[in-house]
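Number of protein chains: 2
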Amino acid sequence: MSAKEQREVASEAGLSRQRVAVAAVRLADREGVDGLSMRRLAGELGAGAMTLYRYVASKEELLDAMIDIVFEEIEPVPDEADWQSAMRREALSTQQVLARHRWAISLMESRTTPGPANLRHREAVTACLRRAGFSVLMATHANWLLNSYVYGHALQEAGLPFDTADELAEMTEDVYLPQLPPDEFPYLNESAKALVAAGYDPAQEFEFGLDLLLAALEPLRDSA
Amino acid sequence: MSAKEQREVASEAGLSRQRVAVAAVRLADREGVDGLSMRRLAGELGAGAMTLYRYVASKEELLDAMIDIVFEEIEPVPDEADWQSAMRREALSTQQVLARHRWAISLMESRTTPGPANLRHREAVTACLRRAGFSVLMATHANWLLNSYVYGHALQEAGLPFDTADELAEMTEDVYLPQLPPDEFPYLNESAKALVAAGYDPAQEFEFGLDLLLAALEPLRDSA
DNA sequence: CACCGTACGCGTACACTGTACGCGTACGGC
DNA sequence: GCCGTACGCGTACAGTGTACGCGTACGGTG
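Here the protein sequences line up with chains R and U, keeping their order. Note that this note's numbering has the first sequence beginning at 1, numbered continuously upward. Note that this note's numbering has the second sequence beginning at 225, numbered continuously upward.
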């Protein structure tokens, strides 16, 4: 069997860098990034811990590979005539992917070298903006701004200790409000009560800010 | 000596929760959050590792305290008539603080319980927005949006492997461009070259997006 | 057939982590 | 004199990432 055929067999049955990274993503989804250790991951794969190092140079590199898998899950930028619709879909898809892998956002900071999926994604976004008439500089601004918003939203959402509007209401009543003396925090009290009464759900936040951003960027097309 | 006097002595000479947390912040600034271990921190304070646990229930709690120290460094929201100026200064101050403590942004995700400084800060921002005429819901939207932007910007900035425009130019020429085949990444090539030629510095990004956001929020005052 | 290089899997070991437990000491109050 | 309480810390344990090196299987070459 040639080396190449062996690779193919490996890709059917044995381990591979990709398979290791995919299993790592699944494990992190299930147990959080703190629960991801080389020994546990190896256990899930039915292998010894050191076996993983045949496919991944270090845990850092594994984390890089995991992030790139996450980027692969983002929907390709649609080829729509309207740049706002295209970027809107792209941002929503990114947001959903980051919500699905809540550990990912906390890793983005430390991973400084973008993987191939990340690069392809950036290329597609830049292409969309440039074709819509944004200058190089404006496209960079827009890209940075939209990424900041999407990542920052994911960061805030990941920090919330609840998932639904009901849990929010419950936590607000039972945990937050008792911590907030009304004379020291009048406005937070007002907000908390009003939002609970209105059935506020932070899941709605994303589209509000996104649409505001897209509308604000529109007049900057065709300007320097 | 009464227990209270003892506290005072402790606050002059010995350890305290605050002193431990401050030292932890300094250590994290110097060595990054990965370099922060209880033993190292104790060493810096001339104490044994377990001594720290007299002042901090766990490392998690220490991290919470560190985050709150970071929030304390943010300038109080100025009491200006113009809400945009006030929020602008506040956001800039936050951005600077997060840039000074690059480890902080990666911790925000996992810390779900806001500390007192965080709460005071939120109260002040909410007060500013409400007094400017934003409804409760709009103030919440605006706060969420601005926080998303500030945190997301910090996250992106923390991920950059360079600090100055010169380093960016150098890295782009030596590292990025060689990785980007022009036929696969035409737009990224175009951008990279144009930005280097123009002396692009991502430090400018923050104010661009911030002003765009503030302007876009302005018309939402006095609306539901 | 024998031989060898190479790929793969992994057992062991080391330095390091957070922290549970418990002991020793100093001191204020009874 | 005695005790409770606060404080400092040494030891120990389970768990981490990973360097090192051994065993084994197998394709290619003599």
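None of these hints come from the bench; they were simulated from the model. Since this is a predicted model, take the numbers as computed values, not measurements. Backbone N, C-alpha and C define an ideal beta-carbon position, used for all residues, glycine too. Mixed in with the good hints there might be a few duds.
[Claimed, not checked] Some chain U residues well away from chain R (every beta-carbon gap over 10 Å; in silico): (1) Ala247; (2) Asp292; (3) Ala341; (4) Gly357; (5) Thr364; (6) Thr388; (7) Ala393; (8) Phe432.
[To be verified] Quick list of simulated restraints, FRET-style, between CB atoms: (9) Asp34(R) with Ser447(U): 41 to 49 Å; (10) Ala341(U) with Ala117(R): 35 to 43 Å; (11) Ser240(U) with Leu160(R): 47 to 55 Å; (12) Glu391(U) with Glu207(R): 52 to 60 Å.
Confirm or reject the statement that Phe432(U) sits farther than 10 Å, beta carbon to beta carbon, from all of chain R. violated (5 Å)
With 10 Å as the threshold, tell me whether Asp292(U) passes as away from chain R on beta-carbon distances. Non-interface label on Asp292(U) holds, nearest chain R Cβ at 14 Å vs cutoff 10 Å.
Is the claim that Thr364(U) lies outside the interface with chain R correct, judged by CB distances over 10 Å? violated (6 Å)
Does Thr388(U) really sit off the interface, with its C-beta more than 10 Å from all C-beta atoms of chain R? holds (15 Å)
Starting from the range 41 to 49 Å, see whether the pair Asp34(R) and Ser447(U) falls in it by beta-carbon distance. Roughly 43 Å apart at Cβ, these two residues keep to the hinted range, so it holds.
Measuring Cβ to Cβ, find out whether Ala393(U) lies farther than 10 Å from everything in chain R. Non-interface label on Ala393(U) holds, nearest chain R Cβ at 14 Å vs cutoff 10 Å.
Test the statement that Gly357(U) is away from the interface with chain R: the closest C-beta pair must be farther apart than 10 Å. The claim stands: Gly357(U) keeps its Cβ more than 10 Å from every Cβ of chain R (closest is about 14 Å).
Over 10 Å to the closest beta carbon of chain R is the bar; see if Ala247(U) clears it. Correct as stated: the minimum Cβ-Cβ distance to chain R is 23 Å, above 10 Å.
Status of the given 52 to 60 Å range, CB of Glu207(R) versus CB of Glu391(U): With a Cβ separation near 37 Å, Glu391(U) and Glu207(R) fall outside 52 to 60 Å, so the hint is violated.
Closest CB of chain R to the CB of Ala341(U) still more than 10 Å away: Non-interface label stands for Ala341(U): nearest chain R Cβ at 13 Å, farther than 10 Å.
Is it true that Ala341(U) and Ala117(R) lie within 35 to 43 Å of each other by Cβ? The hint (35 to 43 Å, Cβ to Cβ) holds, given that Ala341(U) and Ala117(R) are roughly 38 Å apart.
Just to be sure I understand the hint, the distance between the Cβ atoms of Ser240(U) and Leu160(R) should be within 47 to 55 Å; is that true here? Since the Cβ atoms of Ser240(U) and Leu160(R) sit about 31 Å apart, the hinted range of 47 to 55 Å is violated.
Of the numbered hints given earlier, the model fails hints 5, 8, 11 and 12; all others are met.
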